[in-house]
Amino acid sequence: MNDRKQWRQWKTKAVMKGIVIILICTGFLCFSVLAEEESGPTSNVWLDVIQMPTQAQISVTVPLSYGFAVIGSVNSNDKNPVSKENGNLLLPNVRVVVTTPSGTSGVNAEYAIQTVSGSSIPIRNYSTDVRDEYADEELPLREGLPVEVKPYMVAFQDSSGPTHHWQPASADPTWDGTAGTEDAAKLNFKKFQMLLDNLAFSVAGQKSIDSTVKDVFWLEDFIALDAPPNVVDYGYTSAGTAQVPSEKYISVQVRVGGIQNQYKQVEESVKVGAIYWEVIPGELPAVTEP
Amino acid sequence: MTKSKKLHTLIILLLLALIGIGAGIYYQMTRESNLSRLARDELALGGMLPGKSEQEIADLLGAKIAEGMVDIGIAAEPVFERNGKKGRLGIENIAANRYSFQVELKLDETGEVIYQSGLIDPGYYVEFVELNKTFQAGDYRATAVISTYSLDETEDRISEINVKILLHVMDGTFY
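Heads up: the sequence lines are chains A and B, in that order. Using this note's numbering, you'd call the opening residue of the first sequence number 1 and step up by one each time. Using this note's numbering, you'd call the opening residue of the second sequence number 1 and step up by one each time.
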């Protein structure tokens, strides 16, 4: 009996000690997991008295990538230049139009590729500014600010690796389709030139400010974006950006070098490239006296 | 008997400790193995799997462009007080963006980096910053180099947007 009592006490103690050890181990585990937690953004965010900014705030929406696909061929007789007109270059806005609808008679549907209104992408401007004479007011009147943007593409791209990178070109690489120039055209395999707003990325130059990206092809000219319309009525955010932006759809064209039957593999036929941008704030328009 | 009890206690405690340590090691190993399962496949090729229709390819390209739309926000003429100690740079990465930002402020005249942010994820902003150099009062032309990253896909920079700005540096307080 006495032994039983002692056994129970011993058992209780052992269980308690076990629980303590398990708790300690769990504690170590939790500490280890917490120590490995990824931290959030490393920048500091100050909490401050809410203050409406009185300075110009730039806010633009731009596309950072653009893609196209070449419909290649393994048929050596497919010696067409690569172009939208020849039906072997696909751009994102291409739509399919049904020419023969699928019906009950068992006829397979037929489709035709048709460019509805040309490829275009939107660029938006939400920028606003405060005139100097209102800067000291508690709720200063903000007005839409025009900006100019100038995109560029990186000229050199690494051609190694399994994805067979494409190469931007400063001149039109498209083959003219003349048999005598076929061999020369083949040298432009996987070279491309992009155009935005009917302006080509053709001006070879250097970036002045960045050390990692030097050799670039600039667009021929700036693209001007209007000021956001009627900021007084449509309003603006607490960060000082317009609620309603000005919007401009810019046309996109791609010129692709090489001959259709040079594009034999899928990974050779698709290109999604990066577009880089420079944004230059404009100025508020002068006030016109009534 | 007393010795035997102590021995039993010791054995049980050791067993419990082993169970605890074993569970800990198992957890860590499972965790690491889960992480390695998520590593990128080195055999994966860029591009699309053969056999897609032209419409599917065009749709995918369209989706890629939609994903690539990015909105940047930054002050065009930030005022820095106390010779650069505090200024409202107003960097905003809106929640609708898919890319994280990393911002460097470079002096146009020298190319010197006078501010560098950490990674700013979509839905976050940095309002006030401190320059890493003391400036005399005056205006300085600079470029905000906004690099975009999609860490879900790659650690390489996706693209870059440069915004030309004008720094107003004061020696007194402003904010």
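Since the hints were derived computationally from the structure, they do not count as laboratory data. One should not assume that every hint holds.
[Unchecked claim] For lysine-lysine, the following DSSO-like pairs were computed, each having C-alpha atoms within a straight-line distance of at most 27 angstroms:
#1 A:Lys190 - B:Lys64
#2 A:Lys17 - B:Lys64
#3 A:Lys17 - A:Lys150
[As the list claims (entries may be wrong)] So the derived label-pair ranges between C-beta atoms look like this:
#4 B:Gln28 - A:Leu23: 57 to 63 angstroms
#5 B:Ala66 - A:Gly180: 38 to 44 angstroms
#6 B:Glu155 - A:Leu187: 16 to 22 angstroms
#7 A:Leu187 - B:Glu130: 49 to 55 angstroms
Just so it is clear, the structure is predicted and the values come from calculations on it, not from any experiment. Ideal Cβ positions, reconstructed from N, Cα and C, are used throughout, including at glycine.
Hint check results:
1. A:Lys190 - B:Lys64: holds (20 angstroms)
2. A:Lys17 - B:Lys64: This hinted pair is violated, its Cα atoms lying about 59 angstroms apart.
3. A:Lys17 - A:Lys150: With a Cα-Cα distance of about 71 angstroms, the restraint between Lys17 (chain A) and Lys150 (chain A) is violated, given a limit of 27 angstroms.
4. B:Gln28 - A:Leu23: 57 to 63 angstroms: violated (18 angstroms)
5. B:Ala66 - A:Gly180: 38 to 44 angstroms: Once the Cβ atoms are compared, 43 angstroms apart, the range 38 to 44 angstroms for Gly180 (chain A) and Ala66 (chain B) holds.
6. B:Glu155 - A:Leu187: 16 to 22 angstroms: At 34 angstroms between Cβs, range violated.
7. A:Leu187 - B:Glu130: 49 to 55 angstroms: holds (53 angstroms)
Checked against the numbered hints given earlier, this structure breaks hints 2, 3, 4, 6; the rest are met.
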